[in-house]
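There are 4 protein chains.
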Amino acid sequence: MQAFDIIAFVHSNDEEDTFLIPSAVRRIPEFSSNDEELISSVVAGTIPSYELEGKLGDCRRAVGIRREALRRITGSSLEGLPFDGFDYASILNQCCELPIGYVQLPVGIAGPLLLDGKHYYVPMATTEGCLVASTNRGCKAIAKSGGAMSVLLRDGMTRAPVVRLPSARRAAELKAFLENPSNFETISVVFNRSSRFAKLQSIHCALAGRNIYIRFSCSTGDAMGMNMVSKGVEYVLDELKKDLLPYSLTSTSSNFCSDKKPAAVNWIEGRGKTVVCEAVIEEEVVKNVLKTNVSTLVELNVIKNLAGSAVAGSLGGFNAHAGNIVSAIFVATGRQDLAQILESSHCITMMEAVNDGQNLHVSVTMPSIEVGTVGGGTQLASQAACLDLLGVKGGSETPGENSKRLAAVVAGAVLAGELSLISALATGQLVKCHLKYNRSTKDTCKF
Amino acid sequence: MQAFDIIAFVHSNDEEDTFLIPSAVRRIPEFSSNDEELISSVVAGTIPSYELEGKLGDCRRAVGIRREALRRITGSSLEGLPFDGFDYASILNQCCELPIGYVQLPVGIAGPLLLDGKHYYVPMATTEGCLVASTNRGCKAIAKSGGAMSVLLRDGMTRAPVVRLPSARRAAELKAFLENPSNFETISVVFNRSSRFAKLQSIHCALAGRNIYIRFSCSTGDAMGMNMVSKGVEYVLDELKKDLLPYSLTSTSSNFCSDKKPAAVNWIEGRGKTVVCEAVIEEEVVKNVLKTNVSTLVELNVIKNLAGSAVAGSLGGFNAHAGNIVSAIFVATGRQDLAQILESSHCITMMEAVNDGQNLHVSVTMPSIEVGTVGGGTQLASQAACLDLLGVKGGSETPGENSKRLAAVVAGAVLAGELSLISALATGQLVKCHLKYNRSTKDTCKF
Amino acid sequence: MQAFDIIAFVHSNDEEDTFLIPSAVRRIPEFSSNDEELISSVVAGTIPSYELEGKLGDCRRAVGIRREALRRITGSSLEGLPFDGFDYASILNQCCELPIGYVQLPVGIAGPLLLDGKHYYVPMATTEGCLVASTNRGCKAIAKSGGAMSVLLRDGMTRAPVVRLPSARRAAELKAFLENPSNFETISVVFNRSSRFAKLQSIHCALAGRNIYIRFSCSTGDAMGMNMVSKGVEYVLDELKKDLLPYSLTSTSSNFCSDKKPAAVNWIEGRGKTVVCEAVIEEEVVKNVLKTNVSTLVELNVIKNLAGSAVAGSLGGFNAHAGNIVSAIFVATGRQDLAQILESSHCITMMEAVNDGQNLHVSVTMPSIEVGTVGGGTQLASQAACLDLLGVKGGSETPGENSKRLAAVVAGAVLAGELSLISALATGQLVKCHLKYNRSTKDTCKF
Amino acid sequence: MQAFDIIAFVHSNDEEDTFLIPSAVRRIPEFSSNDEELISSVVAGTIPSYELEGKLGDCRRAVGIRREALRRITGSSLEGLPFDGFDYASILNQCCELPIGYVQLPVGIAGPLLLDGKHYYVPMATTEGCLVASTNRGCKAIAKSGGAMSVLLRDGMTRAPVVRLPSARRAAELKAFLENPSNFETISVVFNRSSRFAKLQSIHCALAGRNIYIRFSCSTGDAMGMNMVSKGVEYVLDELKKDLLPYSLTSTSSNFCSDKKPAAVNWIEGRGKTVVCEAVIEEEVVKNVLKTNVSTLVELNVIKNLAGSAVAGSLGGFNAHAGNIVSAIFVATGRQDLAQILESSHCITMMEAVNDGQNLHVSVTMPSIEVGTVGGGTQLASQAACLDLLGVKGGSETPGENSKRLAAVVAGAVLAGELSLISALATGQLVKCHLKYNRSTKDTCKF
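Chains as they are written, first to last, in our numbering: chain X, 9 to 455; chain H, 9 to 455; chain Z, 9 to 455; chain P, 9 to 455.
Take the hints with a grain of salt, since some may be wrong.
If chains are identical, the list can't say which one is meant, so a pair holds when it fits in one copy or spans any two.
Unchecked claim - Quick list of in silico lysine-lysine cross-link-like pairs, DSS-like style, CA-CA up to 30 Å:
id, residue 1, residue 2
1, K126, K249
2, K249, K239
3, K295, K126
4, K299, K207
5, K249, K63
6, K63, K207
7, K250, K126
8, K152, K207
9, K250, K295
10, K299, K126
11, K295, K207
12, K250, K299
13, K63, K250
14, K299, K249
15, K152, K239
Rather than coming from a laboratory, the hints here were simulated on the basis of the structure.
Could you put together the complete structure from these sequences and hints?
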């Protein structure tokens, strides 16, 4: 399903053709006298806006009323914000509350990315000029050199509750209990009860005095898995509370997870998928496609991606622009929590001369790519289409295969992006390209 | 302008009504024999896909052809990915290359956020269940306590090229020259020539041996400003090359900027807007709206946001989920480079008991919010509508006012989000809410 | 006044009475004609200074000749630098090459530190005024409140070689091999062959493309253990080279160890001993001994040790001055590698009000205390005496007991130091005390 | 054998000849009946140990009594800990309280280090085998290649108090006031009143909500300067309190200084002396002295010092073992606060091939070397002798010259140490050397 098809999203009678008539003709929905009343009530504050969906049993209508109420309150026209063309029922109680419409992000296509022997066309949702074109150029360089290879090094989502115990001694005892291999089976049974996909992998406890931070890691099939791991954590905590602990303060999340924050624990121990992806780029390709040479790339990678980030005091940001590619794919493929690009972008890019300096060995190592192909935004029509384009839509037969593949594609596209941007910097193209693009000179970007 | 208006995006004759007919009726565009040829050529690789726009002088048609070619190559239907309802000319050479359609992200509305005496309704584009509802609850707590106040502490975009000189001595001389106050005027004149909005503010040089990393900071009006500062940097480098330096390797960007990477230099010195936002929440509100109490919030903030992040080795992530709110607003308001949420999410959240423990003083301090209200994705119809809703669309009369206001709103919304999530954790609601939401039990989230 | 013991350097005939002649009487040694020749040769560069010990078979004489030669070359008198009073044979090929004398660091005594039910008198070698007195005050506060308790959470020294393989795929295979539990036994056998104390505990591999960083962790008895783990690593690498790998570049150390550098890997995963130490300080003691109150300490700890360090972008430095205490004890007890205070000082200090705000729960959590009671500088007479004072000299019957105890004492003394300094800051004493002390007003420091 | 100078502790009548009686002859002191009484009182706790110096007006005697009391309390002999041979009056109220003796650290000599055209013989106090020999080899490589050059990039000590204000708005106002260039003169006058050497350089304020961290930077002549800057800070705070602020909580130190902690603020903005030091090592020297080749050094530096530290999540530790050299020189030259090696060791080491790969450009960049040549431990006899050996003892005519020179020597010695260790690793010598040394095989280390 897609855009306009929300059109004809049910509805009895008179509403029906509303949706069949394009917005150009009739933009502002005509409200029934009933609607008018509701709008007034929402404006007046007598009906809470968030109750509309429940009250009306009609998501689209609820959105329309909320939107009109907002228009009246603020005086903003909201005209440019699309309303129709979206299935609001699909997000109810799942993806977004208090909806008033949707934004559109254009999706460009980079590729084919030749990765692990297959061709991928990578959908990238972005509004940054040159990004898709640049990644595309990187893909071309990779393909012409025989393709990239990826390896998955680790796969496990984490969540770390914190529990404050009466003393550090007690916290140490709990740590010893939780990390004791002979208790792992028992804890796993409780944890795994939470979902048929969740499989507890490990527990790592850190202390800050009497506060214990318990980092659970588990495999989560094709889901990104935050909810799954959180639920498992709740199960374990409930059990612990019952049998063991007189503690005063507990929080399901403690920032030792660490979710949506740049943190060394993810950089060092991984979170989600840890992937390394590499390619050997031939001298000819470096020259003809990337318009530079091997030794310049090697030197610039050291000066910018390693030393530059070191000087800047970076944490896990030893790359040129991994965040750009990660966020573009995340938006396109409907990652549930967009803010996870914060740790999913961690990346170290290496460029080394091989074969007596004739070829370039380039790699990206990304310890915490958090992706899923089921749940959250992946179910929305446009995002699902992008997943489908990559052949990784929904759950796979062997749970986890699709999400692993998606992580590999993310790393592969980052590899392409790194190659292309470092090359552009090496030849001084960066500013010129960006300026051109943002000035609409209508030239076509050719790299 | 919005969604369907792309409809009637010109076109002579027969194409015209294509756009008037909703996609539900006729999804797959009918191609002319001419189009069919083009599609075949793109599939065969004889016409590069990126040349379509230029060749045809018709963006929508180019996208249609590219899309159909992709469909044939990959066998993916692409059905769910909206095609119509978007003005592809608006992104040409500006926002996205090789477009094949667009994704839709639902926009929820949180607010009113009472900030600096004004009411804001904050558009948040997200697919994470509970996020809008939770932020909304935070807004309510703030409003009931008299509102939040923000202060802008700094405003300047940065870019740091790297230049490799023959020796560290030479690099040191260049540093001395560039940082010498008596040369500032001269350098400024060159730099500021690049744009009427760019005003050079400061230069900070770091060395790694003979490599010098030169961090320029400048005000950029209402633009986010990366291109502006980059262009200024190019001007200065060109001048330096002319008069001064026999250097071998230069890159416009060095990661000391530091763009789209978590890096201490932004955390310590700021990038974009540095904003602090605070509120005093009354005891009654903590109890009735947030369902917890002051001392628990204070303790949990220490254990999670300060100690927890410390234990996790976080850099600038001393908050509960600033990244969530920042990314939701960035997507809604069309930030050019989404990956900038990497540093824009840096935040330290403080919660302190005041008035003998009766009230809660809560604040967020965010050193590097990178936002603009002109350029890049801000010009797209749906994003512009969201900016308009906040009253910060486009350039302001006093350049910079709109982008500063937007930064304040980001901080204010983060304040609301922090308040609500920490409260939810304090009362054990987090997992329950997320699970409920992602399981579509259709209950309405009430916090 | 100065070192008396420079006593008579060299000597006609009878070495014995050399020592009977006080330095005050005869400072400048008389050399034999033979010595004179040697000195001239060293000055002229015809005899390398480092060959003296071997050539002469008399360490003390070698030092004398080197010293005199240096005096002549530089024109510096070296008068103040003690020569006699030290057994130079004890450092030959073990602790220090090319010796010319020794420096003296005064040792103050703090205590009794009541820790885990025992009283410790802690030797601290320092030249920072107030440090011993302040730590002593903290000890007093702890003792008056019933003492501190410590728990050892982990004990293992690490070393991480790096190996560059032909491809990331190969590196990933090696990682999989090394981390596979079913290979652990085999690898352990090889590793443990290196020493009867070394017991391999775990292997953690990280990749940067095709470069694999292999972090071995092993228990090392009472030794700090760097050499032990390094030797084990060599054994494993030799074996791997034989059977497995055509690699081009290898280094025994890769900075992923991470030795003598502030690094998140130690902060997150520990290195050496991980210790937590805690105490509950009674309200009366806070008032009478520390001259402040519980709530001020709690607040200041948050503002300085947590938020302040967060704002400063600290890594593992969430404390007031752990480094001071660690370094003072390290120097006194002869830690082999003083630079290891870089990671041994990692510490998070927590202060929380307990019992309705009447008492203070204070703790220090230190993940990477690297100490040994055998090897290196621990064998020197003065350092051995300090270890003996703590009852932890040399190897213990159950290997590791002494070094673990020493780590606990370090943490306990840090606890005392933190308590006292934060209290001093809370009452504004810091500057006054330091100034007084460094101005020699001869007042006695009383806290 | 051990310290001879424990020489006769106390004594019948004439103090004078005490020192003439070697410890070998009479080790255990005879106390006067008066002393005996004091000892008993100290043991019994009726006389606080810290009062002895004041009571007796005789430091040496006080130490003897304290020492004997401690011996009786603990049962430890303390025999190996030297007592005599040290001027205890020199540390009274300045360097160390509650002294019981001193430890001895052997001083080896590395050099000549050819730096900025001069030859330095660098005293290194260490008990780590191979360290001096290895640094010495690096010095040789540098000297044979024409010497190293250093540049001082910055010189200013910092201290950052924290002040908690009623609101973030007030904190922002204070920040604006303090950072306003037009107020700098006024503030400087107050600040500089504290010492004739202190010259305020800059003020940088950071906020965490309503808490303001105010980082003052000032030049401090030849002193390391912590006390000087602290006193200036006190003067300013006193003035502010008077005129401006109703604040509740203040602390002279806030960890934003950041003293004795690894923190990005020092790495990014510098603390103490920022120094870069470089050399070009000739191919022949790399081969003959360092036993390796240029390209291997360049590659290993990237893999270990840059990528390895990046993977380890290091902050400012992009070097092989800067901490070793820094600590050895700090101990030898009497740095007041040894724990300052924590930030003084921050260093990025770069190795680049130059002249078509024939030569090696090597550099160390160290942003926060904190050294002084007056004050604290620099005044002790042995440490003063080491400073004198370097020609930097005491205050210089142009205040600051000596301490700057010392910082340059530190950097130069680090350069030598890095060169040698990376070379050793490149040729697989590291473990072998350490093992040999710590096993006392009595071979002479030759590199």
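Okay, the hints, checked on the actual structure:
1. K126 <-> K249: neither (50 Å within a copy, 34 Å between copies)
2. K249 <-> K239: Intra 15 Å, inter 46 Å, cutoff 30 Å: intra-copy only.
3. K295 <-> K126: within (25 Å within a copy, 47 Å between copies)
4. K299 <-> K207: Neither: 48 Å inside a chain and 34 Å across chains, both beyond 30 Å.
5. K249 <-> K63: neither (39 Å within a copy, 59 Å between copies)
6. K63 <-> K207: neither (40 Å within a copy, 54 Å between copies)
7. K250 <-> K126: neither (51 Å within a copy, 36 Å between copies)
8. K152 <-> K207: Answer is neither: 40 Å inside a copy and 44 Å across each miss the 30 Å cutoff.
9. K250 <-> K295: The answer is between: 27 Å across copies meets 30 Å, while 66 Å in one copy does not.
10. K299 <-> K126: within (26 Å within a copy, 47 Å between copies)
11. K295 <-> K207: neither (48 Å within a copy, 38 Å between copies)
12. K250 <-> K299: between (66 Å within a copy, 24 Å between copies)
13. K63 <-> K250: Answer is neither: 39 Å inside a copy and 61 Å across each miss the 30 Å cutoff.
14. K299 <-> K249: The answer is between: 22 Å across copies meets 30 Å, while 63 Å in one copy does not.
15. K152 <-> K239: So K152 and K239 fail the 30 Å test inside a copy (46 Å) and across (33 Å) alike.
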